[in-house]
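Chain by chain, the residues run as shown.
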Amino acid sequence: MSASDPSSAADATDFVLARLNALAPLLAPGGERATGLRRLTGGASLETWAFDVRGAGEGEGAGRPLILRRRGGGREAEVFETSLPLPIEAKLLQAAEAAGAPVARLVRDCIEADGLGEAYVVERVAGETLGRRIAADPAFAPVRAVLGRQCGETLARIHAIDLSALPPLEMQDARAVLARYADIYRKSSGPRPVMEAALRWMEARLPEPIAPRLVHGDFRNGNLMVDPETGLTAVLDWELAHLGDPAEDLGWLCVNSWRFGVTHRAVGGFADLETLLEAYRVAGGEPLSVERVRFWQAVGTFKWAVVTMMMYRTFATGASRSVERAVIGRRLSECEVDLLALMEAS
Amino acid sequence: MIEGPRKDELLEATAAWLNNAASPPEGFHRKVAANALGIVTRELTQWPAAEAAAVARMQAILGRDGDYAALNLALAEALRDGTVSADDAVVFDHLRRTALDMLAVDQPRYRHELAAPKETGA
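These protein sequence lines are chains A and B, in that order.
Heads up, the first sequence is in the working numbering, so the first residue is 0 and it goes up one at a time.
Heads up, the second sequence is in the working numbering, so the first residue is 4 and it goes up one at a time.
Calculated directly from the structure, the hints in this document are not laboratory data.
The beta carbon of each residue, even a glycine, is placed where N, CA and C say it ideally should be.
Certain hints may be false.
Per the computed footprint, the stretches of chain A lying under chain B, defined by three or more beta-carbons under 8 Å from a beta-carbon of chain B, are [claimed, not checked]: (1) 190–202; (2) 314–322; (3) 328–338.
Calculated from the model, a selection of chain A residues having no Cβ within reach of chain B, i.e. all distances over 12 Å [to be verified]: (4) A21; (5) R32; (6) I110; (7) A112; (8) D161.
Construct all of the structure, not just a fragment, from the sequences and the given hints.
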C-alpha cells in the first residue's frame with residue numbers, strides 16, 4: 000500500500016480519481032478523464048473500482064468502460080493469506096487470454112509512478128455474475144447447457160497453459176491442500192465429528208499423482224461473467240491461482256454451495272458433470288475420472304467449511320462486528336451435510 | 004455441535020445493528036438481521052430435543068456418559084484416531100441426523116443431496 004493512502008471513503012475516491020485522471024491518456028485513445036468512478040467491493044483490502052475513460056468533448060455513453068483492481072490500505076484480515084500479488088494476477092490474465100480463455104483484457108499493469116500502489120486496469124466486461132440468477136433465473140435457461148460446455152472448454156485451455164511461461168506459482172497438490180485446511184480447521188474450531196470423518200475419508204482417497212497444471216483456484220458460479228445469450232464472457236478472480244491437480248478446478252465448480260438451490264445440476268447449478276467432463280476432454284483436457292472430481296469436490300466443501308469458521312472468527316475476535324459475518328458461521332452446517340452426502344455416495 | 008456464532012452473539016450483533024440502522028433499514032442487511040433472529044428462534048425451539056437425541060446416540064456409540072459437548076468431543080477424537088469409523092452404519096446414522104438437525108436450525112431451506120434418516124421403530 001502507498002504511504003499516502005487516505006483513510007476515509009470519500010478521500011479514497013478522490014485519491015483514486017485524481018490518479019486515474021492523470022492516467023486516462025494511457026487507458027484509452029484520446030482519453031482525458033475518468034468518470035463515473037465507483038467502488039464495487041467494500042471491506043476487504045483488495046479494492047475493485049468501476050469507471051469510464053472519456054475524451055475532452057465527448058458526451059455520455061462514449062467512454063471506455065474499465066475496472067481498476069488495487070491493493071488498498073484496508074486493515075481487515077483477509078480470509079485467505081495466499082492471495083497473489085496483483086502484478087502476478089495481471090500476468091495470468093494475459094496468459095489466459097493468449098490461451099483462448101475468456102477473461103477481462105488487461106489494459107494496464109500499473110507501475111509505481113501511476114501512484115495507485117499495487118494495481119492493474121482491465122476492460123469492464125458486461126454480463127451477470129450473480130450465481131442464483133445464472134442457475135435459476137428463466138432468462139438464463141437457454142444458455143445453461145452452453146455454459147457447462149464453455150466451462151469445460153475454458154478449463155481445458157487454462158490447464159493447457161505452458162507453465163514455463165508463467166511467473167512462479169506455489170505448487171499445491173492434494174496432500175498439501177488437505178494438510179493446509181486441516182491445520183486451519185484445527186486452529187479455528189474445536190474437534191467436530193463430521194470434519195474428522197471427512198478428513199479420514201479424503202485421506203483414504205488421495206488421488207494418484209498427476210502432471211501439475213495452472214489451477215485457477217476459485218472457478219465457480221459467482222466468479223463467472225455470463226451473458227444470457229452467449230454464455231461465458233469472462234472468468235474473474237484469479238487471486239487464488241496456483242499449480243496443482245487440474246481436477247481441483249472441476250471439483251470446486253461442483254461444490255453444492257455454488258449450485259444456488261439447483262442441486263440436481265452438479266456443475267454450478269447450471270449443467271451436468273458429464274457435460275463438463277466431455278467438453279473438457281474434447282477441448283484437449285486430460286481425461287479426468289468422476290472419482291477424482293468428487294474427491295476435489297469434497298476437498299472444496301471442506302475448504303468452504305473452514306472459510307465459514309474463519310469468517311466467524313473475524314466476528315468473534317472483534318475484527319468485524321457485522322451480523323453478516325456472524326451468521327456466515329452458521330453456514331458450516333451446510334458444508335457438513337454436503338460432506339456426508341459425498342461420503343454416502345461413495 | 005453448534006459452536007459459533009452462539010445465540011447470545013447473534014442477538015447482541017443484531018440488536019447493535021438495529022440501534023444504528025437507518026429507518027427504514029436497508030434491504031440486504033435487514034434480511035441478514037431477520038435471518039439471524041430466525042436462527043435463534045429455531046435453536047430455542049428445536050435444538051434441545053435434537054441435542055438430547057444426539058446425546059443418547061453418542062452414549063450408545065461410545066459406551067459412556069457425559070453431556071453433549073463432552074460426548075461430541077470424544078466422538079470427534081475417536082473418529083480422528085480411528086477407534087470409531089464413519090463406515091459403521093450406526094455412526095453414520097448419528098452424523099447424518101445431527102447434521103440435518105443442525106441444518107434445520109441454521110438454514111432450513113438449504114437444498115442438498117444427503118438422504119433423510121431411516122425411520123426408527125421407536
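Evaluation of the provided hints:
Under the rule that three or more residues need a Cβ within less than 8 Å of chain B, the assignment of the segment 190–202 of chain A holds, with 10 such residues. Counting residues of the segment 314–322 of chain A whose C-beta lies closer than 8 Å to any C-beta of chain B gives 5; at least three are required, and the coverage claim holds. Evaluation of the coverage hint for the segment 328–338 of chain A: fulfilled, as 9 residues show C-beta separations to chain B shorter than 8 Å, against a requirement of three. Under the 12 Å C-beta cut-off, the non-interface status given to A21(A) relative to chain B holds; the minimum distance is some 35 Å.
For R32(A), the condition that its CB be more than 12 Å from all CB atoms of chain B holds, with the nearest at approximately 32 Å. In this structure I110(A) is separated from chain B by more than 12 Å, as the shortest Cβ-Cβ distance comes to about 37 Å. Interface exclusion of A112(A) from chain B stands, the closest Cβ pair being 39 Å apart, more than 12 Å. No Cβ of chain B approaches the Cβ of D161(A) within 12 Å, the least distance being about 38 Å, so the stated non-interface status holds.
Violated hints are absent here; each numbered hint is respected by the structure.
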